[in-house]
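Participant: Given chain U, work out where chain G should sit, using these hints.
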Amino acid sequence: MEFFVISLLNGISYGLLLFLLSSGLTLIFSMMGVLNFAHASFYMLGAYFAYAIAARIGFWPALVLAPLLLVAVGALVERFGLRTVHKYGHVAELLFTFGLAYLIEEAVKLAWGLSTVPYHIPPELDGPLFHVFASPFPKYRAFMMLVSVSMLAAIYLVLTRTRIGLVIQAALTHPQMVEALGHNVQRVFMLVFAGGAALAGLAGVIGGNAFVTAPSMAASVGTIVFVVVVLGGMGSLGGAFIASLLIGLLQTFAVAIDASPADLLGAFGLHVTSATPLSSVWNLTLSQMAPVLPYLLMVAMLIVRPRGLMGTREG
Amino acid sequence: MKKAHFLLTGAAVAMALACGTAPASAQTVKIAFIDPLSGMMGSLGTNELRSWQYAADIANQQNWTGGPKLEVVGFDNNLSPQQSLTLLREAADQGIRYIVQGNGSSVGMALEDAVAKYNERNPGKELVYLNYGAIDPAMTNGKCSFWQFSLDANSDMKMEALTSYLAKNPNVKKVYLIDQDYSFGHDVARAAQEDLKRKRPDIQIVGDEFHPLAKVKDFSPYASKIKASGADTVITGNWGSDLALLIKAGKDAGVTANYYTYYATTTGVPTAMGAAGAGRVKYIGYFGPNTPGNPPQADQVFDGFKKKYNDDLSMIATYTGIALLSKAFKETHSTDPVKVAKALEGMKVQSLNGMVQMRAADHQLQQPLVITTWVKADGKVVKHDQENTGYGWRTDAVLDAASATLPTTCQMKRPD
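Line order of the protein sequences matches chains U and G. Mind the numbering: the first sequence is residues 1 to 315 in the working numbering, read in order. Mind the numbering: the second sequence is residues 1 to 416 in the working numbering, read in order.
Any given hint could be a false lead.
One side only, chain U facing chain G, incomplete, derived with CB under 8 Å [stated by the list, open to error]:
1. 7
2. 221
3. 252
4. 291
Computed beta-carbon distance windows for the label pairs [claimed, not checked]:
5. 201/G with 263/U: 21 to 29 Å
6. 273/U with 215/G: 23 to 31 Å
7. 27/G with 281/U: 55 to 63 Å
8. 193/G with 84/U: 28 to 36 Å
9. 215/G with 146/U: 22 to 30 Å
10. 170/G with 238/U: 52 to 60 Å
11. 146/U with 279/G: 29 to 37 Å
12. 4/U with 296/G: 51 to 59 Å
13. 123/U with 380/G: 25 to 33 Å
14. 199/G with 273/U: 21 to 29 Å
Keep in mind the hints are simulated off the structure, nothing from the lab. Built from N, CA and C at the ideal position, the CB exists for glycine as well.
Bound-form chain U, shown alone (with noise of 0.2 Å):
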């Protein structure tokens, strides 16, 4: 029972994290249709943003000023970068991102050095906050899932309730229609994909100093994220947040439990034994494989739904 309640906060919380930092590529992919694969970089440039912000003047004001200066790369990125070679279709967009993420991580090398920094989490959030009958359940996972679903609740504000969020759902479909009648639909465009960076960087100034921040922190949750927008649905908010949630728990529960195909043949009377065909295969527990069943979920999703839990476009 203990177990099963921390494995269950700890499975929610990583996955609002991933909601979070997936968030906004899905975001950008539903507007402008761009697969953005520098997407994990502002990630990581939030988190390197953070740690040089909070060495100076302390974790809170990075917390608010790191994502800002992401909001001013982002609208700089797609302002003389993605508009420029928009007009060469989506191979070029998607070969620009994938360019840009090569940039970041060395511009981040150049500027911080190739080892890790040393960004920790601020004193006053260290430590237990709550107590699971032995476990402790700490302060920073809470906090990181408060600000997750925090920015939910206020994307989802913000794109239902506003007018500016009426305009953005609109020119996801309509986009002629809306510049026809007279939004500047590029400049749409540019908030969005701002916003989408400043949400990757605010997940990494929460998620920098839990884990670690070094240069190849945007690499470790490259893939990861695109499983979670694959999953969800390309373009769907609901989908990512579901998908999280799914991904976040199944590789926390996964891990708990050492049971392979050979004890499920074992029940049934077949011993699998090192003479056994493939016996290092049947012998594979499902810990061993759970950082890699969201991938293998992703395959089948693809399979069975190519459009995703929520997507609503087709192939």
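Facilitator: Here is chain G on its own, set in the frame of chain U:
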């Protein structure tokens, strides 16, 4: 007259070129460093290259070799075995006869094999490979080679020493093994299982976990599992962020076990774990910067390196390697790899961790090992911190070379 002079010089140059092993004095011996200098492991590789160069500088200043100067040249292999083989060829074409490498046993074994083949095909142009960190036991056992010299203790030796140390501690009752899912991780887990069963059959192995290499972001489920198992000791071969994240997640989950690690001192890990590992993280290796019995030059070299590069000397096997090589040059009055390799067999030198000896039978260095704990630097017991974190390694035990000595199955073929 002028013409005769010209001819004479020409002949001398031709002779020098033909012999390759001109008189040992007034000559520079290049050493090729084949390791990652960019990418994920780039910072570690850069630190190691500097360690080699720093040791070589000391040797040059104090004339350890009795003549030839040493120069270490970096070749970036991106941690790839294939690329390393290309670089090996490139180094050999440049006339470099000495190779050093230390990251990754997959690279190490490829090099060991390639060097042996190269030497067979190119008599008179032999290469010598000093391995300062690839610690797969096969390299000095089943796959041993006359041309390879291991300067680090291999993973079985470390586990032998570590388990002997743990066996003496009655508080160790439940051990949890967690390793990266590749050959090295499996070696560590297997050796731990076997050694503990032999030395302390009453110790329970409460977990034997493998996770993919450098893929896990959130270690909290693993930490919860360790906590639920009630383990008092964790043994792990993890390195890099896999180690730092494991320790951080463990602290959050309230794991109170001690972590015995192989790689907690490598670049980046101390910074990332910081206070989270204090008092719990132990390291088994061949050098503790704060060991009271270290020879006096240890402090000097350690401080000098820090002053020059604002970084910590992480691998003193580099110093050992330069010391061995220099002594061999001096004793043989030659830089000929064949003579030098023969001289290295059984050679004893004073390194920064005390007296060390290159065992002739398998070319595995025999040296004392230490067990250290990550604690707050206090300026007295723990003088040197690491990576400016304010924390450093307190030496808990020094295990003499004999306690880590293992028999070898090496059947070495030596040149005539």
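Participant: Hints first: check each against the structure and report whether it holds.
Facilitator: Verification of the hints:
Below 8 Å, beta-carbon pairs count as interface contacts, and residue 7/U has one with chain G at about 6 Å; its hint therefore holds. Against a cut-off of 8 Å between C-beta atoms, the interface hint on residue 221/U holds, since the closest Cβ of chain G lies about 7 Å away. A hinted interface residue such as residue 252/U counts as satisfied when its beta carbon comes closer than 8 Å to some beta carbon of chain G; here the least separation is about 4 Å, so the hint holds. Checking residue 291/U against chain G by beta carbon gives a least distance of about 5 Å; that is within 8 Å, so the hint holds.
Residue 201/G and residue 263/U have their C-beta atoms about 25 Å apart, which keeps the hinted 21 to 29 Å range intact. Distance hint check for residue 273/U and residue 215/G: the Cβ-Cβ separation is about 30 Å, which falls inside the suggested range of 23 to 31 Å. Taking the beta carbon of each, residue 27/G and residue 281/U are about 57 Å apart, inside 55 to 63 Å as hinted. For the pair residue 193/G and residue 84/U, the supplied restraint of 28 to 36 Å is violated, since their beta-carbon distance comes to about 59 Å.
For residue 215/G and residue 146/U, the hinted distance range of 22 to 30 Å is satisfied, since their beta carbons lie about 28 Å from each other. Taking the beta carbon of each, residue 170/G and residue 238/U are about 56 Å apart, inside 52 to 60 Å as hinted. Between residue 146/U and residue 279/G the C-beta distance comes to about 31 Å, which sits within the given range of 29 to 37 Å. Hint check: residue 4/U to residue 296/G, Cβ distance near 57 Å, so the stated range 51 to 59 Å holds.
Distance hint check: the CB atoms of residue 123/U and residue 380/G are about 26 Å apart, consistent with the given range 25 to 33 Å. Residue 199/G and residue 273/U have their C-beta atoms about 28 Å apart, which keeps the hinted 21 to 29 Å range intact.
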